[in-house]
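Could you put together the complete structure from these sequences and hints?
Protein sequence lines correspond, in order, to chains A and B. Counting from 1, one number per residue, gives the positions in the first sequence under my numbering. Counting from 1, one number per residue, gives the positions in the second sequence under my numbering.
Quick caveat, the hints were computed from the structure, so don't treat them as lab data. Computed from a predicted model, the values in this text were never measured in an experiment. For every residue, glycine included, the Cβ atom is placed at its ideal position computed from N, Cα and C. You may find that some hints are simply not true.
[Claimed, not checked] Pair by pair, the computed Cβ-Cβ distance ranges are: (1) A/Ala9 - B/Ile79: 21 to 27 Å; (2) B/Asp74 - A/Arg241: 27 to 33 Å; (3) B/Asp74 - A/Asp12: 41 to 47 Å; (4) B/Ile197 - A/Ile79: 40 to 46 Å; (5) B/Lys95 - A/Thr134: 45 to 51 Å; (6) B/Asn75 - A/Ser28: 41 to 47 Å; (7) A/Arg255 - B/Pro152: 19 to 25 Å; (8) A/Pro152 - B/Glu127: 37 to 43 Å; (9) B/Ser80 - A/Leu198: 34 to 40 Å; (10) A/Gln146 - B/Pro275: 29 to 35 Å.
[What the hints assert, rightly or not] Below 30 Å or equal to it, Euclidean Cα-Cα: the simulated BS3-like pairs (lysine-lysine) are: (11) B/Lys254 - A/Lys252; (12) B/Lys194 - B/Lys130; (13) A/Lys95 - A/Lys135; (14) A/Lys254 - B/Lys168; (15) B/Lys168 - A/Lys252; (16) B/Lys135 - B/Lys147; (17) A/Lys252 - A/Lys147; (18) A/Lys254 - B/Lys135; (19) A/Lys194 - A/Lys135; (20) B/Lys194 - A/Lys147; (21) B/Lys168 - B/Lys130; (22) A/Lys168 - A/Lys135; (23) A/Lys95 - A/Lys137; (24) A/Lys168 - A/Lys254; (25) A/Lys168 - A/Lys130; (26) A/Lys252 - B/Lys137; (27) B/Lys95 - B/Lys137; (28) A/Lys147 - A/Lys194.
[Claimed, not checked] Some, not all, of what chain A presents toward chain B, calculated at C-beta under 10 Å: (29) His24; (30) Glu36; (31) Ala160; (32) Arg195; (33) Gln196; (34) Ile197; (35) Gly231; (36) Ala234; (37) Gln242; (38) Lys254; (39) Ala258; (40) Leu259.
One letter stands for each residue in the lines below.
Number of protein chains: 2
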Amino acid sequence: MAKDIIHPAPEDPTLTERVQGIDHNGSSVDTLVPVERPLTLYLNSQEIVTVMTIGDFPEELALGFFLNQNMLTDNDIIISTDYDSDLGVIVVRTKRETDYEEKLSKRVKTSGCAQGTSFGDIMENFEGVKLPETKIKTSWLYSLGQKINATPSLYLAAGAIHGSVLCKGNHPLAYMEDVGRHNAVDKIAGHMFKRQILPDDKILYTTGRLTSEMVLKTVQMGIPILVSRSGFTAWGVQLARQANLTLIGRTKGKRFLALSGTQRVDYDIDPQTIPGERTEIQRKASR
Amino acid sequence: MAKDIIHPAPEDPTLTERVQGIDHNGSSVDTLVPVERPLTLYLNSQEIVTVMTIGDFPEELALGFFLNQNMLTDNDIIISTDYDSDLGVIVVRTKRETDYEEKLSKRVKTSGCAQGTSFGDIMENFEGVKLPETKIKTSWLYSLGQKINATPSLYLAAGAIHGSVLCKGNHPLAYMEDVGRHNAVDKIAGHMFKRQILPDDKILYTTGRLTSEMVLKTVQMGIPILVSRSGFTAWGVQLARQANLTLIGRTKGKRFLALSGTQRVDYDIDPQTIPGERTEIQRKASR
Numbered sequence: 001m002a003k004d005i006i007h008p009a010p011e012d013p014t015l016t017e018r019v020q021g022i023d024h025n026g027s028s029v030d031t032l033v034p035v036e037r038p039l040t041l042y043l044n045s046q047e048i049v050t051v052m053t054i055g056d057f058p059e060e061l062a063l064g065f066f067l068n069q070n071m072l073t074d075n076d077i078i079i080s081t082d083y084d085s086d087l088g089v090i091v092v093r094t095k096r097e098t099d100y101e102e103k104l105s106k107r108v109k110t111s112g113c114a115q116g117t118s119f120g121d122i123m124e125n126f127e128g129v130k131l132p133e134t135k136i137k138t139s140w141l142y143s144l145g146q147k148i149n150a151t152p153s154l155y156l157a158a159g160a161i162h163g164s165v166l167c168k169g170n171h172p173l174a175y176m177e178d179v180g181r182h183n184a185v186d187k188i189a190g191h192m193f194k195r196q197i198l199p200d201d202k203i204l205y206t207t208g209r210l211t212s213e214m215v216l217k218t219v220q221m222g223i224p225i226l227v228s229r230s231g232f233t234a235w236g237v238q239l240a241r242q243a244n245l246t247l248i249g250r251t252k253g254k255r256f257l258a259l260s261g262t263q264r265v266d267y268d269i270d271p272q273t274i275p276g277e278r279t280e281i282q283r284k285a286s287r
Numbered sequence: 001m002a003k004d005i006i007h008p009a010p011e012d013p014t015l016t017e018r019v020q021g022i023d024h025n026g027s028s029v030d031t032l033v034p035v036e037r038p039l040t041l042y043l044n045s046q047e048i049v050t051v052m053t054i055g056d057f058p059e060e061l062a063l064g065f066f067l068n069q070n071m072l073t074d075n076d077i078i079i080s081t082d083y084d085s086d087l088g089v090i091v092v093r094t095k096r097e098t099d100y101e102e103k104l105s106k107r108v109k110t111s112g113c114a115q116g117t118s119f120g121d122i123m124e125n126f127e128g129v130k131l132p133e134t135k136i137k138t139s140w141l142y143s144l145g146q147k148i149n150a151t152p153s154l155y156l157a158a159g160a161i162h163g164s165v166l167c168k169g170n171h172p173l174a175y176m177e178d179v180g181r182h183n184a185v186d187k188i189a190g191h192m193f194k195r196q197i198l199p200d201d202k203i204l205y206t207t208g209r210l211t212s213e214m215v216l217k218t219v220q221m222g223i224p225i226l227v228s229r230s231g232f233t234a235w236g237v238q239l240a241r242q243a244n245l246t247l248i249g250r251t252k253g254k255r256f257l258a259l260s261g262t263q264r265v266d267y268d269i270d271p272q273t274i275p276g277e278r279t280e281i282q283r284k285a286s287r
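Here you go:
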């Protein structure tokens, strides 16, 4: 990837830990594993949530989380963000006064914690979104997959991690990783907010499954195309169709499957010219 | 798998949906995807949480969730469970009066929703647990992997799903699946509670990553050995070592890596005799 874009930093010693164990031969080995640490997000004076994260891009994560939960809007003015890495706390302060006491108490009862997101909050904006008719060329789809898989990442260095990549055409612009795929996506949302990047001509690539939660977040972010190596859930497909989001999954080698917004797919290359994947860069199964 | 054990029912039409799309050749195809629907769990008169689930084994899921959150104990007497599939509600009634108002309000502030679990609740029991020194033979490890991968499952039929399998020796006893790996594990916990199955000589196999949450749940359930095809997080390893839980990950073909409780691993077979995996049964990457 080019130097001016955001990409993973697998060499950052704070993001992985070296641990000792034994392998299938009974030999002692040491290996890298990604860290996972709590980060508590405050919006002004209110403690909102504690998430488990690898710990990079805390500001992007906090901003993106609040944006995707409709606690911030694109028009909000951020006065300051204070991050304390020792305490694991980040405080985002806005010009507008915020109070989500009611929303927070409601979440206890209605949230699918198992999904990691409060659906009620996210659904608020879902109905009104109109996604642009940006095309995705199949040559970009193949090229993006190859570039992303070949980028040095925490996934390749330590495994057990999800990635989300903001792309334009066949160019990855920002590649974020985290232990939870929702965190990686939230970091992308925070990055777009900070840099005032418009979603209309973008493609979001994720290593995770195309569940309802991922679809809702992508629509919330205004991105018209969501691509994954992994599979789909029925509700994810249904919500994507409702929002006219292009949903492309099970991408691997020359194969892919589009289950929503298929009118955006522009077949500009013969799939028979696409080589199979080398085993060593294979990520999660594409089923 | 034998007939008397619990295994996935990929033929159950309520668990998958057939959807149409287009593939890499531009051809129209239809494919199966797993469903994902909300289920609201009540404990007596209190609404506790809404989880996203495929919808099978609702009683096991509810009981296991409450057990793993320390809202039920092994000694609790269940008076009734009422499940309404149309409303997506299950109510568990206990002889003991329960009131988790305080716990629920606390969770808003401290829970890692991103992890799907309230750590505070689960950590309550963590300190006191003493796991038995049950051995795991490496021949069982290989045999379990082969049996589980070859079992007809929603994963093989529709993808995008996690599995958890309760095993004894080289026998899978109960194989549960769900869109979230924590749900699949909770179903195992509920199944063990209903059938009064003791954890001491069991092995828990999961398709998901070995994160702090998975380690905490396994320890909570009293199972001494946790195995996965996927990778580790640093905090997962640290908690497993603290609890003396055997943690074996990145299992694929002849390979595996044990990063905690390695004294339980009994090398009884030459790994060179283990064949590589056939591509068609490969699941998630083992990194």
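Worksheet item: Under the criterion of a CB-CB separation shorter than 10 Å, is A/Gly231 in contact with chain B as hinted?
Response: This hint holds: A/Gly231 lies near chain B, its Cβ roughly 3 Å from the closest one there, short of 10 Å.
Item to complete: Mind checking the hinted window 19 to 25 Å against the Cβ distance between A/Arg255 and B/Pro152?
Response: holds (23 Å)
Discussion item. Next item in the hint list is A/Lys254. Is there a CB on chain B closer than 10 Å to its CB?
Written reply: Cβ of A/Lys254 sits 6 Å from chain B, so the hint holds.
Practice prompt. Measure nothing beyond the straight line between the CA atoms of A/Lys252 and B/Lys137; if it is 30 Å or shorter, mark the hint as holding.
Written response: violated (35 Å)
Discussion item. For a C-alpha distance cap of 30 Å, please report whether B/Lys168 and A/Lys252 respect it.
Written reply: violated (36 Å)
Item to complete: Could you tell me whether the CB distance from B/Ser80 to A/Leu198 stays inside 34 to 40 Å?
Response: violated (55 Å)
Worksheet item: When the nearest CB of chain B is found for A/Arg195, is that gap smaller than 10 Å?
Response: Given a least distance of 24 Å, the restraint on A/Arg195 is violated.
Worksheet item: How about A/Ile197: closest beta carbon in chain B under 10 Å, or not?
Response: violated (24 Å)
Fill in: Given hint A/Lys252 paired with B/Lys254 - CA-CA distance at most 30 Å
holds (25 Å)
Item to complete: Can you let me know if the beta-carbon spacing of B/Asp74 and A/Asp12 is within 41 to 47 Å?
Response: holds (44 Å)
Item to complete: Verify the proposed pairing of B/Lys194 with A/Lys147, using a straight-line Cα cut of 30 Å.
Response: violated (49 Å)
Worksheet item: Taking the beta carbons of A/Ala9 and B/Ile79, is their distance inside 21 to 27 Å?
Response: With Cβ atoms ~55 Å apart, the hint is violated.
Violation of the numbered hints given earlier is confined to hints 1, 2, 4, 5, 9, 13, 14, 15, 18, 20, 23, 26, 27, 32, 33, 34, 37; the remaining hints are satisfied by the structure.
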